[in-house]
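J.: Chains as they are written, first to last, in the working numbering: chain A, 5 to 119; chain B, 18 to 126.
It is worth saying that the hints were derived from the structure and are not from the lab.
Please note: incorrect hints may appear among the correct ones.
Unchecked claim - Once the Cα atoms are required to be at most 27 angstroms apart in a straight line, the calculated DSS-like pairs of lysine-lysine come out as:
id: 1; chain 1: B; residue 1: LYS54; chain 2: B; residue 2: LYS85
id: 2; chain 1: B; residue 1: LYS54; chain 2: B; residue 2: LYS71
id: 3; chain 1: A; residue 1: LYS15; chain 2: B; residue 2: LYS71
id: 4; chain 1: B; residue 1: LYS55; chain 2: A; residue 2: LYS105
id: 5; chain 1: B; residue 1: LYS54; chain 2: B; residue 2: LYS22
id: 6; chain 1: A; residue 1: LYS105; chain 2: B; residue 2: LYS73
id: 7; chain 1: B; residue 1: LYS22; chain 2: A; residue 2: LYS75
id: 8; chain 1: B; residue 1: LYS73; chain 2: A; residue 2: LYS61
id: 9; chain 1: B; residue 1: LYS71; chain 2: A; residue 2: LYS105
id: 10; chain 1: B; residue 1: LYS88; chain 2: A; residue 2: LYS105
id: 11; chain 1: A; residue 1: LYS75; chain 2: B; residue 2: LYS88
id: 12; chain 1: A; residue 1: LYS15; chain 2: B; residue 2: LYS22
id: 13; chain 1: A; residue 1: LYS15; chain 2: B; residue 2: LYS85
id: 14; chain 1: B; residue 1: LYS55; chain 2: A; residue 2: LYS75
id: 15; chain 1: B; residue 1: LYS54; chain 2: B; residue 2: LYS88
id: 16; chain 1: B; residue 1: LYS22; chain 2: A; residue 2: LYS105
id: 17; chain 1: A; residue 1: LYS61; chain 2: B; residue 2: LYS55
Residue-level listing of the chains:
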Amino acid sequence: DTGVSQDPRHKITKRGQNVTFRCDPISEHNRLYWYRQTLGQGPEFLTYFQNEAQLEKSRLLSDRFSAERPKGSFSTLEIQRTEQGDSAMYLCASSPPGDRKAEAFFGQGTRLTVV
Amino acid sequence: DQQVKQNSPSLSVQEGRISILNCDYTNSMFDYFLWYKKYPAEGPTFLISISSIKDKNEDGRFTVFLNKSAKHLSLHIVPSQPGDSAVYFCAATLPQFYFGTGTSLTVIP
């Protein structure tokens with residue numbers, strides 16, 4: 005399977021704990037995006053990388069959120085001191101360079117529940 | 018600040034007829050527009066895109082139309098099939114993607 009892979013698929017955590025999610029993009033894709041989606045809403049942009057450089061962060065991304073893509077391949081999204089409002093589906097997407105750069109392919113998502 | 022809007026939360030269409038999903042946007046700097054299809058508990062699946070320099074793109078049963086003067090995007094599905102039933106999101110890129118809130122399409126057999 006050469007699609008975007010996210011791990012874990014589901015995570016239940018207690019309020020105040022830290023969580024980390026992993027995303028493995030499609031191998032030739034240089035752009036990687038993180039989104040968050042809550043019920044009844046479209047995906048909301050969090051941040052994106054071009055290779056290993058984090059080019060933009062949304063204002064939604066508070067200081068408790070950090071994302072890395074150390075070698076320009078996989079990426080991690082960490083949430084520190086989780087709050088109940090962080091409960092959502094976290095989606096990762098990647099897109100190729102060149103003419104198809106706008107075609108982002110999404111992973112299955114990580115469903116986070118903060119209790 | 019919703020830059021991409023889908024004003025119809027749901028749409029029902031008879032099998033074999035045309036489905037038309039609409040989307041409006043506010044930012045004239047968007048360079049690509051896309052449609053995604055989403056099933057519950059899955060990530061969105063890319064369907065079709067259009068560059069801001071074009072006004073139509075067709076791929077099989079799916080056609081996307083772009084009206085830049087009206088800042089309006091539409092997706093036509095002809096003929097509609099029951100398997101098309103899903104939530105459809107339009108998106109626009111800057112290059113980060115901005116999504117609408119989705120339209121739930123039900124195709125009735």
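J.: Please verify whether LYS15(A) and LYS71(B) have alpha carbons no more than 27 angstroms apart.
T.: violated, 42 angstroms
J.: Are the Cα positions of LYS54(B) and LYS71(B) separated by 27 angstroms at most?
T.: holds, 22 angstroms
J.: Decide if the proposed pair is consistent with the structure: LYS15(A) and LYS22(B), CA atoms, cutoff 27 angstroms inclusive.
T.: violated, 30 angstroms
J.: Against the 27 angstroms threshold, does the CA-CA distance of LYS73(B) and LYS61(A) hold or violate the hint?
T.: violated, 32 angstroms
J.: Measure nothing beyond the straight line between the CA atoms of LYS15(A) and LYS85(B); if it is 27 angstroms or shorter, mark the hint as holding.
T.: The hint is violated at about 42 angstroms.
J.: For the pair we were handed, LYS55(B) and LYS105(A), check the Cα-Cα distance against 27 angstroms.
T.: With Cα atoms ~20 angstroms apart, LYS55(B) and LYS105(A) stay inside 27 angstroms; holds.
J.: Are the Cα atoms of LYS54(B) and LYS88(B) separated by 27 angstroms or less?
T.: holds, 21 angstroms
J.: Please work out if LYS75(A) and LYS88(B) have their alpha carbons no farther apart than 27 angstroms.
T.: violated, 39 angstroms
J.: When you check the alpha-carbon spacing of LYS22(B) and LYS75(A), does it fall within 27 angstroms?
T.: violated, 36 angstroms
J.: Measure nothing beyond the straight line between the CA atoms of LYS61(A) and LYS55(B); if it is 27 angstroms or shorter, mark the hint as holding.
T.: The given pair, whose Cα atoms are some 25 angstroms apart, holds under the 27 angstroms limit.
J.: Would you mind confirming whether the straight-line C-alpha gap from LYS54(B) to LYS85(B) stays at or under 27 angstroms?
T.: Distance of about 23 angstroms is within 27 angstroms: holds.
J.: Decide if the proposed pair is consistent with the structure: LYS88(B) and LYS105(A), CA atoms, cutoff 27 angstroms inclusive.
T.: Between LYS88(B) and LYS105(A) the Cα gap is close to 22 angstroms, so the pair holds against 27 angstroms.
Checked against the numbered hints above, the structure breaks hints 3, 7, 8, 11, 12, 13, 14 and satisfies the rest.
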